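**Student:** Following the hints, position chain B against chain A.
Protein chains: 2
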Amino acid sequence: MTKAQLIQAQKRIQPFIHKTPVLSSQLLNEMAGCNVFFKCENFQKMGAFKMRGAANAILNLSEKERQRGVVTHSSGNFAQAVALAAQKLNVKAYIVMPKNAPQVKKDGVKTYQGEIIECESTPEAREQTAKEIKEQKGASFLHPSNQDEVIIGNSTAAIEFLDEHPELDVILTPVGGGGLIAGTALAAHYFAESCNVIGAEPLEADDAYRSLISGKIETNDSFHTVADGLRTHLGDRNFPIIKKYVDKIIRVEEAEIVKAMQLIWERMKIIVEPSSAVPFAAVLTNKEEFKNKNIGIIVSGGNVDINNLPF
Amino acid sequence: MTKAQLIQAQKRIQPFIHKTPVLSSQLLNEMAGCNVFFKCENFQKMGAFKMRGAANAILNLSEKERQRGVVTHSSGNFAQAVALAAQKLNVKAYIVMPKNAPQVKKDGVKTYQGEIIECESTPEAREQTAKEIKEQKGASFLHPSNQDEVIIGNSTAAIEFLDEHPELDVILTPVGGGGLIAGTALAAHYFAESCNVIGAEPLEADDAYRSLISGKIETNDSFHTVADGLRTHLGDRNFPIIKKYVDKIIRVEEAEIVKAMQLIWERMKIIVEPSSAVPFAAVLTNKEEFKNKNIGIIVSGGNVDINNLPF
Numbered sequence: 001m002t003k004a005q006l007i008q009a010q011k012r013i014q015p016f017i018h019k020t021p022v023l024s025s026q027l028l029n030e031m032a033g034c035n036v037f038f039k040c041e042n043f044q045k046m047g048a049f050k051m052r053g054a055a056n057a058i059l060n061l062s063e064k065e066r067q068r069g070v071v072t073h074s075s076g077n078f079a080q081a082v083a084l085a086a087q088k089l090n091v092k093a094y095i096v097m098p099k100n101a102p103q104v105k106k107d108g109v110k111t112y113q114g115e116i117i118e119c120e121s122t123p124e125a126r127e128q129t130a131k132e133i134k135e136q137k138g139a140s141f142l143h144p145s146n147q148d149e150v151i152i153g154n155s156t157a158a159i160e161f162l163d164e165h166p167e168l169d170v171i172l173t174p175v176g177g178g179g180l181i182a183g184t185a186l187a188a189h190y191f192a193e194s195c196n197v198i199g200a201e202p203l204e205a206d207d208a209y210r211s212l213i214s215g216k217i218e219t220n221d222s223f224h225t226v227a228d229g230l231r232t233h234l235g236d237r238n239f240p241i242i243k244k245y246v247d248k249i250i251r252v253e254e255a256e257i258v259k260a261m262q263l264i265w266e267r268m269k270i271i272v273e274p275s276s277a278v279p280f281a282a283v284l285t286n287k288e289e290f291k292n293k294n295i296g297i298i299v300s301g302g303n304v305d306i307n308n309l310p311f
Numbered sequence: 001m002t003k004a005q006l007i008q009a010q011k012r013i014q015p016f017i018h019k020t021p022v023l024s025s026q027l028l029n030e031m032a033g034c035n036v037f038f039k040c041e042n043f044q045k046m047g048a049f050k051m052r053g054a055a056n057a058i059l060n061l062s063e064k065e066r067q068r069g070v071v072t073h074s075s076g077n078f079a080q081a082v083a084l085a086a087q088k089l090n091v092k093a094y095i096v097m098p099k100n101a102p103q104v105k106k107d108g109v110k111t112y113q114g115e116i117i118e119c120e121s122t123p124e125a126r127e128q129t130a131k132e133i134k135e136q137k138g139a140s141f142l143h144p145s146n147q148d149e150v151i152i153g154n155s156t157a158a159i160e161f162l163d164e165h166p167e168l169d170v171i172l173t174p175v176g177g178g179g180l181i182a183g184t185a186l187a188a189h190y191f192a193e194s195c196n197v198i199g200a201e202p203l204e205a206d207d208a209y210r211s212l213i214s215g216k217i218e219t220n221d222s223f224h225t226v227a228d229g230l231r232t233h234l235g236d237r238n239f240p241i242i243k244k245y246v247d248k249i250i251r252v253e254e255a256e257i258v259k260a261m262q263l264i265w266e267r268m269k270i271i272v273e274p275s276s277a278v279p280f281a282a283v284l285t286n287k288e289e290f291k292n293k294n295i296g297i298i299v300s301g302g303n304v305d306i307n308n309l310p311f
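Chains as they are written, first to last, in the numbering used here: chain A, 1 to 311; chain B, 1 to 311.
Bound-form chain A, shown alone:
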């Protein structure tokens, strides 16, 4: 994936996304012992960075492909992102979701006029159902994290971030399926003088950490983490980028995630998902390493059930 592709993506998706603000808090800086800048993708359209990758992927389709629609399987932010991006581009979106997905997630997709196709709640059933739609309708399949145009679309958050804050020494992102950190690493590689990229992961779902050690894609046997967006594993398109350009992965415990999330809510007055608090938890638990540095954190999203908080 080339620098030109990233630049082109940024131009292409610009009419369909928000340029999100960067916020910081003096109190949190004092607490962390460094300057932390939060790139607020929780303020992105549909509430998460996923809008960038979804928009870029659909914009990359030919007119003919767009006429046949797009399909994805997701019960999270990517489902809403595809539905909204498709709606804006007048493309039909088929969203495969497990029958038992929370009503609030289904409602999110319906708000953006995505067509929900229900399936059993196993990974196999999801993939099979998406495959059937792809064959029946001729729809293009979009993967939430392991697809070049999605990764490139995601990179635009870090491009904006580095443009506004070229002084960043490090950018941290949460690591789930690997699409955000891979895009961020590409952006830092192409657009920063010298900016490290570090991933942050729950100890309870530390597949990326183990993958970087073993050199192959590891999975999670269980994932008892509050950071529900980070339970997925890396893919063959993003893992090579992560291996090449990501400095390391920091793991954090559940209590640290919840504490970091609460601090961001109380001090910054912004609503962030548990997954988005993981990088700040990594900063708070590694103060020596980040001391006095300029730290960028990509706040991945803000879609959280406010009637069911972990604190």
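To be clear, the hints were calculated from the coordinates, so they are not data collected in a lab. Check before you lean on any hint, since a few could be wrong.
[What the hints assert, rightly or not] Just the calculated beta-carbon pair ranges, DEER-fashion:
(1) A/Asp247 <-> B/His224: 52 to 58 Å
(2) B/Gln26 <-> A/Glu127: 31 to 37 Å
(3) B/Lys243 <-> A/Pro21: 36 to 42 Å
(4) B/Gln14 <-> A/Asp236: 49 to 55 Å
(5) B/His224 <-> A/Pro21: 45 to 51 Å
(6) B/Arg267 <-> A/Ser222: 31 to 37 Å
[Stated by the list, open to error] No more than 25 Å apart at the CA atoms, straight line, and that leaves these computed lysine-lysine pairs for DSS-like:
(7) B/Lys106 <-> B/Lys88
(8) B/Lys110 <-> A/Lys259
(9) A/Lys99 <-> A/Lys110
(10) A/Lys19 <-> B/Lys19
(11) A/Lys110 <-> B/Lys259
(12) A/Lys216 <-> A/Lys259
(13) A/Lys64 <-> A/Lys131
(14) A/Lys291 <-> A/Lys259
(15) A/Lys106 <-> B/Lys259
(16) A/Lys259 <-> B/Lys106
Here the structure is a predicted model, which is why all the values come from computation and not from measurement. Beta carbons: idealized from backbone N, C-alpha and C, even for Gly.
**Tutor:** Then chain B, alone, in the frame of chain A:
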């Protein structure tokens, strides 16, 4: 209070405050049937617009007066605002608080090194204790809402707002002690071509609504409202401004306040106090009146106990 005083205040407090961002949400606009712009004073230092008035009032003191310190009685945002503004200007702050004030409020003041003086929880005890401090220490008394320099300081939020969005047809603010709406009305009078100012108040504490009808300052017998910042009544410095320049007061019911607050949290991903949701509740319950207009709302603050939410 003159236009020159407002301009001077804006210049004077600028190094001590944030220029807060203005946010909006397409979904909320669709829901409301108008364009709503939120001036996010919840992102202000210490989390509320009160920082503006407190900073301006202290900056207005002579060097001699500053050496003797400042005193206020408040258990809310103004206590923290005075403590923080005083700390930044190297002035001693005495904060009179009722013994039974919540620990979280006391901790807020202590964070900014304000000295808490406890008293009984009656209005008389508060005023008496503040008076004693004033006499003993020679400290200058600062009123949360009924003091010219506080009102003038508060006006700077609307000055910034109108500067960024001169197209605003209306600005709505919540009405508690009257300091914010009076400042906003002055700003609209001096800096806008034609922008109405409307107050929003809980039906359960509608003293300002009744005051505008009777022509004299009315009080609340009871105030069973979730909007705990709006229980106070107007004062002799701000009421004349409100009478002269405020278009009207809209009253909203408790359920509407809670619904508006939840919508702002879920859709805008920002944390606002119940008081700050009152103006948006007023818009949602008066859609015909605001249809297709450009509506500005001053989000007064974001200091809320996230472990004790009304939804």
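**Student:** Take a look at whether the Cβ-Cβ distance between aspartate 247 of chain A and histidine 224 of chain B falls inside 52 to 58 Å.
**Tutor:** holds (55 Å)
**Student:** Starting from the hint 31 to 37 Å, judge whether the C-beta atoms of arginine 267 of chain B and serine 222 of chain A obey it.
**Tutor:** Roughly 34 Å apart at Cβ, these two residues keep to the hinted range, so it holds.
**Student:** Does lysine 259 of chain A pair with lysine 106 of chain B here, judged by a C-alpha cut-off of 25 Å?
**Tutor:** holds (21 Å)
**Student:** Assess, step by step, whether the Cα of lysine 106 of chain A is no farther than 25 Å from the Cα of lysine 259 of chain B, and give holds or violated.
**Tutor:** holds (21 Å)
**Student:** Is it true that the CA of lysine 19 of chain A sits at most 25 Å from the CA of lysine 19 of chain B?
**Tutor:** The given pair, whose Cα atoms are some 18 Å apart, holds under the 25 Å limit.
**Student:** Do glutamine 26 of chain B and glutamate 127 of chain A keep their Cβ atoms within the hinted range of 31 to 37 Å?
**Tutor:** holds (33 Å)
**Student:** Holds or violated: lysine 291 of chain A with lysine 259 of chain A, Cα cutoff 25 Å?
**Tutor:** holds (20 Å)
**Student:** Does lysine 259 of chain A lie within 25 Å of lysine 216 of chain A when you go C-alpha to C-alpha?
**Tutor:** violated (32 Å)
**Student:** Taking 49 to 55 Å as the hint, is the beta-carbon distance of glutamine 14 of chain B and aspartate 236 of chain A inside that range?
**Tutor:** Since the Cβ atoms of glutamine 14 of chain B and aspartate 236 of chain A sit about 53 Å apart, the hinted range of 49 to 55 Å holds.
**Student:** With 36 to 42 Å as the target window, see if lysine 243 of chain B and proline 21 of chain A comply at their CB atoms.
**Tutor:** At roughly 38 Å between Cβ atoms, proline 21 of chain A and lysine 243 of chain B fall inside 36 to 42 Å, so the hint holds.
**Student:** Lysine 99 of chain A and lysine 110 of chain A: Cα distance at most 25 Å?
**Tutor:** Satisfied, since the Cα-Cα distance of roughly 15 Å is no more than 25 Å.
**Student:** Are the Cα atoms of lysine 64 of chain A and lysine 131 of chain A separated by 25 Å or less?
**Tutor:** Roughly 19 Å separates the two Cα atoms, so the pair holds.
Violated hints, listed in ascending order, are 5 and 12; each of the other numbered hints is respected by the structure.
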